[in-house]
Each structure stands twice: as structure tokens, then as C-alpha cells.
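Since the structure of chain A is provided, determine the placement of chain B with the ligands on it from the hints.
Heads up: the protein sequence lines correspond to chains A and B, in order. Heads up: the first sequence is residues 1 to 164, going by our numbering. Heads up: the second sequence is residues 1 to 164, going by our numbering.
Just so you know, the hints here were simulated from the structure itself, not pulled from any lab data. Wrong hints could be hidden among the right ones.
No copy labels: a pair is met if it fits in one copy or bridges any two.
[Said to hold, decoys possible] Straight-line distance between alpha carbons at most 20 Å, and here's what the computed SDA-like set of lysine to any residue pairs gives:
(1) K47 <-> S62
(2) K47 <-> V94
(3) K47 <-> A89
Protein chains: 2
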Amino acid sequence: MRSGRLPQGVEWAVHACLVLALLRPDEQLPAQRLAELFDLPPAYLAKVMQDLAVAGVVVSASGRHGGYRLAAAPGELTVGRVVRATGLAEALFVCTEIRGRGPCAATPEQCRTPCAVATVMRRAEMAYLEVLDAVSLADLPVPGGRAAAEQWLTAHVHRVKERS
Amino acid sequence: MRSGRLPQGVEWAVHACLVLALLRPDEQLPAQRLAELFDLPPAYLAKVMQDLAVAGVVVSASGRHGGYRLAAAPGELTVGRVVRATGLAEALFVCTEIRGRGPCAATPEQCRTPCAVATVMRRAEMAYLEVLDAVSLADLPVPGGRAAAEQWLTAHVHRVKERS
Ligand code: FES
Ligand code: FES
Chain A
1 MRSGRLPQGV
11 EWAVHACLVL
21 ALLRPDEQLP
31 AQRLAELFDL
41 PPAYLAKVMQ
51 DLAVAGVVVS
61 ASGRHGGYRL
71 AAAPGELTVG
81 RVVRATGLAE
91 ALFVCTEIRG
101 RGPCAATPEQ
111 CRTPCAVATV
121 MRRAEMAYLE
131 VLDAVSLADL
141 PVPGGRAAAE
151 QWLTAHVHRV
161 KERS
Chain B
1 MRSGRLPQGV
11 EWAVHACLVL
21 ALLRPDEQLP
31 AQRLAELFDL
41 PPAYLAKVMQ
51 DLAVAGVVVS
61 ASGRHGGYRL
71 AAAPGELTVG
81 RVVRATGLAE
91 ALFVCTEIRG
101 RGPCAATPEQ
111 CRTPCAVATV
121 MRRAEMAYLE
131 VLDAVSLADL
141 PVPGGRAAAE
151 QWLTAHVHRV
161 KERS
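One chain only, chain A, in its complex shape (with noise of 0.2 Å):
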């Protein structure tokens, strides 16, 4: 896993999204917000923000009326890419070439081929996320319910200007 990643960063990613696909084209929101809104420690869920922004998940603008909103439409985002986003391929498995090591060492020959531990965790991870990348932000209610949540938005979304 990527150093400091969050047990809990998966839980908050997808939470965060699911606000965040509430947010009309012109509309996007500062992390503060997303912190208060979650009652969340600001500076670690910058972090998570900041890696679903590395991942194309969310786009920021900074500025006086910056803030986040996601990338693309709800319907185009899966479960799947927010949760790779948070590092889940290290956290799943990390393969160091330990058959490579010590004395019973594999042969550079050997090691040629995918060694058989690490092909069966792939699968397995293909299938974990078989399931997640056929769930899209549009698919899931908003937990708490939408009304609250739009309400709340109202209040504190920046509004970007339109130019004419």
C-alpha cells in the first residue's frame, strides 16, 4: 500500500463522490467543505481528495471559488476507478520476487513465467474488481438521503462564473 494510506480511505472516497455527483455543471466544492460535511479531520481527507484527483476521478480549481467536483458524469464513473484511486491494487497484494531470494532461490529462467502466487492473487483482484467496475456513482443512493444532502450543497457550493 502507498504509505499513509487510510483504512477507512475507500469509505470516504466513494461518500465524497457520491456529494460531489449531486454538484451542477457550474458548481464545485472546497475539500473544507467535503470536511465539514463529513465531520472529517480536513488535512486527511485532502489526501484522499488529492489521490482521486491524481487518478482523474475529480478535477480541483483553486481559487477563491475553487473546490472539487468529479470528472466526468456520475453514470461514468464506476466504483471501481474511485476505489483504485486509493491505492487498493497495493493493498490488495505486492509481489517483491521473494521466490527470487535465499538459498532455494528460482532461476532467472523461472522466473520468466508469472510465478503461480502471484497470478492467483491477480485473478482474484480481477474479480474483486469485476464486481466494482459494474457499479456506477449513479447507482448508489446517497446515503442520508439526497434532500439533506442538496440542501446542505445550496448553501455551500462556489458557483463558478459563467462567461459570456
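Leaving out everything else, chain B with the ligands in the frame of chain A:
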């Protein structure tokens, strides 16, 4: 994830079990020897082996002739059991009931049914484990080759004296 969980813990655990699978019923292998075999830091490997022991995948005997062996026949121990023992569930997903926090918190009523996010994550975990539960330690070749490992073991196992 449990504190101190190693990202490469799964790799080490499965490879170690594949070596223990070669032991005869009256043999056991000290953790220190396993660390030598894989050229790994003994303290870190010891932690992984202790997790396996807590989960009932391996058993250990202490004392001069002590060491680890599998808790069951290799064909009866699935990769899924080994992977679970390393703290997989905590690494995959942790729900901290974020929906119950902040100004738009779900009501206790709403929280009686599982969160949709947790539900889809659980479904993915089940698909993941289904793949790993279909593979036993007996299904996997010994990386580096069985012959080399068996030869090395002959020189390093502890044999338990048969009592009559
Ligand atoms: S060498 Fe890494 S999983 Fe086998
Ligand atoms: S409240 Fe934990 S996943 Fe939704």
C-alpha cells in the same frame, strides 16, 4: 488494516506455507530457518507467522525441537484462509459509519439497513475470496521447484521424536 500490516505479508505467508506443505507429519521448521530460506528479516517474518498461527493456519511448537508446521493437510488449506489470516478484510475496506456524521447524517432509522457503499464493497470482497477459496496449497507448485526446497529442508527441519 491491523497496525503494522506488511504490504508483502500475503506473498510471504503463501510462500512460507508452500514450503511447510513439504514437511512430513513429524517435522517442523523454526521461524528463523524460514527467514533464512527466503532471506527475509526474521522479526517481520515472525509477525506474519504469528498471524497465521492465530488464524489456525499453522501450529507452532516451542522448545529446542520447535518450529512451525501446517495445521492441516495442504489440500485442506485454501489460499483464501492464508490471505484472510494476514488481515485482508481490514486492508480491503473499513466502514467507520461515516454516514452517521456531520450536518447531513443519516438517522439511526436509516442506519438500520446496511449502507449501499458497504454492501457493494462486501460483494466485491466475496468475489475476491471465492477465487482464493477455490485454490488450495496443494494446487500450487513450489516456486523455485520442489526438489531444491526438499533438499534444503532435509538439512534444516526439526524432527519430533516419536513417542511410543
Ligand atoms: S514471487 Fe511474488 S508472489 Fe511469488
Ligand atoms: S457508512 Fe460506511 S460505507 Fe457507508
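So, going through the hints one by one against the coordinates:
For the homomeric pair K47 and S62, the shortest alpha-carbon distance inside one copy (16 Å) is at most 20 Å, but the shortest distance between copies (45 Å) is not. In this assembly of identical chains, the alpha carbons of K47 and V94 lie at most 20 Å apart only when taken from different copies (17 Å versus 22 Å within one copy). Taking the shortest Cα distances, K47 and A89 sit within 20 Å of each other inside one copy (18 Å), while across copies they are farther apart (22 Å).
Checked against the numbered hints given earlier, this structure breaks none of them.
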